[in-house]
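Trainee: Make a model of the complete structure from these sequences and hints.
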Amino acid sequence: MKVDVVLFAHLATFQPDGKGGRHSRAFDLAEGTIIAEVVEMIGLPDEPRVVFVNSRHAPEDQELFEGDRLAIFPPVAGG
Amino acid sequence: MRDIVRVNMATGAITREPLPDGWARYGGRALTSALVFKEVPADSDPLGPDNKLVFAPGLLGGTSAPNGGRLSVGAKSPLTGGLKEANVGGQAAHALAKQGIAALVIEGKPADAAARYLLVLEADGAMKLERMDAWAGLGNYATADAIKETRPADDRYATITNGPAGEMLLKAAAIAVSDPKMYPNRFAGRGGLGAVMGSKGLKAIVVSDKGLPYVEHADKDAFNAAVKKFANALTTHAVSGQALPTYGTNVLANIINEAGGYPTRNFSAGQFEGVENISGETMREMTLERGGNVKHGCHTGCVIQCSRYWYDKDGHYKTKGMEYENVWSLGADCGIDDLDAIGDLDREVSDLGLDAIEMGATLAVYMDSGKIAFGDGAAALAAIKEIWTGTELGKTLGQGAEVTGKAFGVKNIPVVKHQALPAYDPRPIQGIGVTYATSTQGADHTAGYSITANVLAVGGSVDPLKPEGQAALSQGLQIATGMLDAFGLCIFVAFPVLDMPEAFEAIFELAEAHTGLKWDADALMQVGKETLTYERLFNEHAGFTNADDRLPKYFYEEKLPPHNVVFTVTDEELDSVHDFVPAVAASLGIK
Ligand code: SF4
Chain A
-1 MKVDVVLFAH
9 LATFQPDGKG
19 GRHSRAFDLA
29 EGTIIAEVVE
39 MIGLPDEPRV
49 VFVNSRHAPE
59 DQELFEGDRL
69 AIFPPVAGG
Chain B
4 MRDIVRVNMA
14 TGAITREPLP
24 DGWARYGGRA
34 LTSALVFKEV
44 PADSDPLGPD
54 NKLVFAPGLL
64 GGTSAPNGGR
74 LSVGAKSPLT
84 GGLKEANVGG
94 QAAHALAKQG
104 IAALVIEGKP
114 ADAAARYLLV
124 LEADGAMKLE
134 RMDAWAGLGN
144 YATADAIKET
154 RPADDRYATI
164 TNGPAGEMLL
174 KAAAIAVSDP
184 KMYPNRFAGR
194 GGLGAVMGSK
204 GLKAIVVSDK
214 GLPYVEHADK
224 DAFNAAVKKF
234 ANALTTHAVS
244 GQALPTYGTN
254 VLANIINEAG
264 GYPTRNFSAG
274 QFEGVENISG
284 ETMREMTLER
294 GGNVKHGCHT
304 GCVIQCSRYW
314 YDKDGHYKTK
324 GMEYENVWSL
334 GADCGIDDLD
344 AIGDLDREVS
354 DLGLDAIEMG
364 ATLAVYMDSG
374 KIAFGDGAAA
384 LAAIKEIWTG
394 TELGKTLGQG
404 AEVTGKAFGV
414 KNIPVVKHQA
424 LPAYDPRPIQ
434 GIGVTYATST
444 QGADHTAGYS
454 ITANVLAVGG
464 SVDPLKPEGQ
474 AALSQGLQIA
484 TGMLDAFGLC
494 IFVAFPVLDM
504 PEAFEAIFEL
514 AEAHTGLKWD
524 ADALMQVGKE
534 TLTYERLFNE
544 HAGFTNADDR
554 LPKYFYEEKL
564 PPHNVVFTVT
574 DEELDSVHDF
584 VPAVAASLGI
594 K
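Protein sequences appear in the order of chains A and B.
If you read the first sequence in my numbering, its first letter stands for residue -1, the second for the next number, and so on.
If you read the second sequence in my numbering, its first letter stands for residue 4, the second for the next number, and so on.
Since the hints were made in silico from the structure, they are not lab data.
Just so it is clear, CB atoms sit at the ideal spot from N, CA and C, and this is done for glycine as well.
Do not take every clue at face value.
Claimed, not checked - Quick list of simulated restraints, FRET-style, between CB atoms: (1) A:E45 with B:R134: 57 to 65 Å; (2) A:D15 with B:K469: 32 to 40 Å; (3) A:D2 with B:K556: 34 to 42 Å; (4) A:F63 with B:K562: 23 to 31 Å; (5) B:D224 with A:F12: 41 to 49 Å; (6) B:K562 with A:D2: 21 to 29 Å; (7) B:T238 with A:E58: 23 to 31 Å; (8) A:F12 with B:E125: 52 to 60 Å; (9) B:E505 with A:E45: 18 to 26 Å; (10) A:K17 with B:T571: 40 to 48 Å; (11) B:D222 with A:K17: 49 to 57 Å; (12) A:F12 with B:P585: 52 to 60 Å.
Mentor: Okay, here's the thing in structure tokens:
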């Protein structure tokens, strides 16, 4: 199944194609893949992060489905 | 020594008196709000002689406390009609505090409406008003240059200036404060306080702190230890230690957009297709390419350093690096996805002396009327430029979103208590809707920044699409913010303070070591509650009721894409946010 993966701020450098940038990449994943497995596949550092699936917060044990958009941020804030 | 300095604009008299005894724990917003509550009749004309414009550094102003140099500006607001506190960085708070000034109160009104005054506060305590009528109509940048010519070359000073918008008494007028490089680019933005300054004939204030030492502490060693502890927390937390210094506040654009709460084209959608072009990440890359600065403090002693400078294509300073709010208001809310166009608009509203949040929202409302197209940056800039000459359009826009929306027959006008909503839609982020609705300040995100637990996973977590827990969250944050504003601490210290107990402890340790008074967590929160109580009671006296603590109706009725939700926090819950006010008022002996 295809899932769009998009990484923000300094996490953008972890995209596996090494190209940086924040446009989403279509990942080809096995059915039943959970968020934590994608995080491991990309090799994100073991740091706090904020995860959205289809614009809603998602726990990392959540299963992904065809056409989902997975967006991952480092902790950010501002005003 | 903490004094009140009073400047009477009718007589020209300047006097100095000690701070009243009961106010030893007050600085910043606690002081501006207490003073306005006590001395300004709630039914007075905001632009008349009875209103007072109060400048107060926080309790930690003039010290080395990290991020402790914010300035509170207070008055009855011409925009909201209620008690207003606008909070600003820049160098003025430290300079006033080092001169021993706890509050600078501008009173009365000159008989001659054409008079323009410069108030000079010298480092040696000399104070004078000078007539500078030739400065009438100057932008903030030209005024800063004119001030420089009046000062000795080796001086060190801060400026507080008013642009043409304030002189024209426009309700969106803001007051500018100079940053460490003397650019007049920090703003006490909200509520039209520039118009109050304009009504008093006060064009500018210069505050010299040349050769002045830090303010002394009751216990120097304990203070220094608390400074270390606080600075360590601020630089360790991922948000204040990494994200903010690297990307600035505009790092939020992508995450708020992802959450579906990034108001686009006058709050008609929650996601902007052009967000990547204007995001904090893109802004950093462009700024670095152009040789702009991407990290500095807006005042001495800031260890977070979210400020930056925006350079044009030719590598010249244009304006301060636009904050998240400015990029949103002058960008996404107007459908503009070009950082250069946004930078040009930001420079213009800064030079005119206008609140960028109000002006962006106003332009978006104007675009919604169909007079100019969403996304047309050049037309937006041309419209703003009309404010310089005070054309009918210029004067209408300068009165803000509500006046403009009504003038052009726009259906959806995003205001609470007549003040425009900032850069978070309250439908998919319900917690910020509670703050917008109930804040004493009109729609104001900084009054109780519920984005923390709603979107950013800072200080806990609540479901942003649901009403549960939002009123209590906003109440706690509104009280804590009143406290931070009283100390002169930048609101961005709240991110580590919410997550790290030692950061919170460091605040009362700083307070205790500095003042010699006993402080603890309860005493801190008491100052926040008392601040809100003065504001709430003043607003009641000015005629506000619970019915004013509501969002515009369409937020309850029109679903916002992509989540297709409306605002669902009940009126009862909104009315619970200020439930502590009667008891605190009784303890203060006020009603
Ligand atoms: S963090 Fe930003 S707003 Fe706060 S004091 Fe520092 S530069 Fe100013």
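Trainee: So the hint says 34 to 42 Å: do the beta-carbon atoms of A:D2 and B:K556 match that?
Mentor: holds, 36 Å
Trainee: Per the hint of 52 to 60 Å, is the separation of the Cβ atoms of A:F12 and B:E125 within bounds?
Mentor: holds, 55 Å
Trainee: Do the beta carbons of A:F63 and B:K562 sit within 23 to 31 Å of each other?
Mentor: With a Cβ separation near 24 Å, A:F63 and B:K562 satisfy 23 to 31 Å, so the hint holds.
Trainee: Take the C-beta atom of A:K17 and the C-beta atom of B:T571, compute their distance, and say whether it sits inside 40 to 48 Å.
Mentor: Distance hint for A:K17, B:T571 holds at roughly 42 Å.
Trainee: Taking 52 to 60 Å as the hint, is the beta-carbon distance of A:F12 and B:P585 inside that range?
Mentor: holds, 53 Å
Trainee: Is the hinted range of 32 to 40 Å satisfied by the C-beta distance from A:D15 to B:K469?
Mentor: holds, 38 Å
Trainee: Between B:D224 and A:F12, is the Cβ distance one that fits in 41 to 49 Å?
Mentor: This hint holds: roughly 45 Å between Cβ atoms.
Trainee: Does 49 to 57 Å hold as the CB distance between B:D222 and A:K17, or does it fail?
Mentor: With Cβ atoms ~55 Å apart, the hint holds.
Trainee: Does the beta carbon distance between B:T238 and A:E58 stay inside 23 to 31 Å, or does it fall outside?
Mentor: Since the Cβ atoms of B:T238 and A:E58 sit about 28 Å apart, the hinted range of 23 to 31 Å holds.
Trainee: Does the beta carbon distance between A:E45 and B:R134 stay inside 57 to 65 Å, or does it fall outside?
Mentor: Holds - the Cβ-Cβ distance for A:E45 and B:R134, about 59 Å, lies within 57 to 65 Å.
Trainee: Look at the Cβ atoms of B:K562 and A:D2 and judge whether their distance stays inside 21 to 29 Å.
Mentor: holds, 24 Å
Trainee: Okay, B:E505 versus A:E45 on CB: inside 18 to 26 Å?
Mentor: holds, 20 Å
Hint check: no violations occur; every hint is consistent with the structure.
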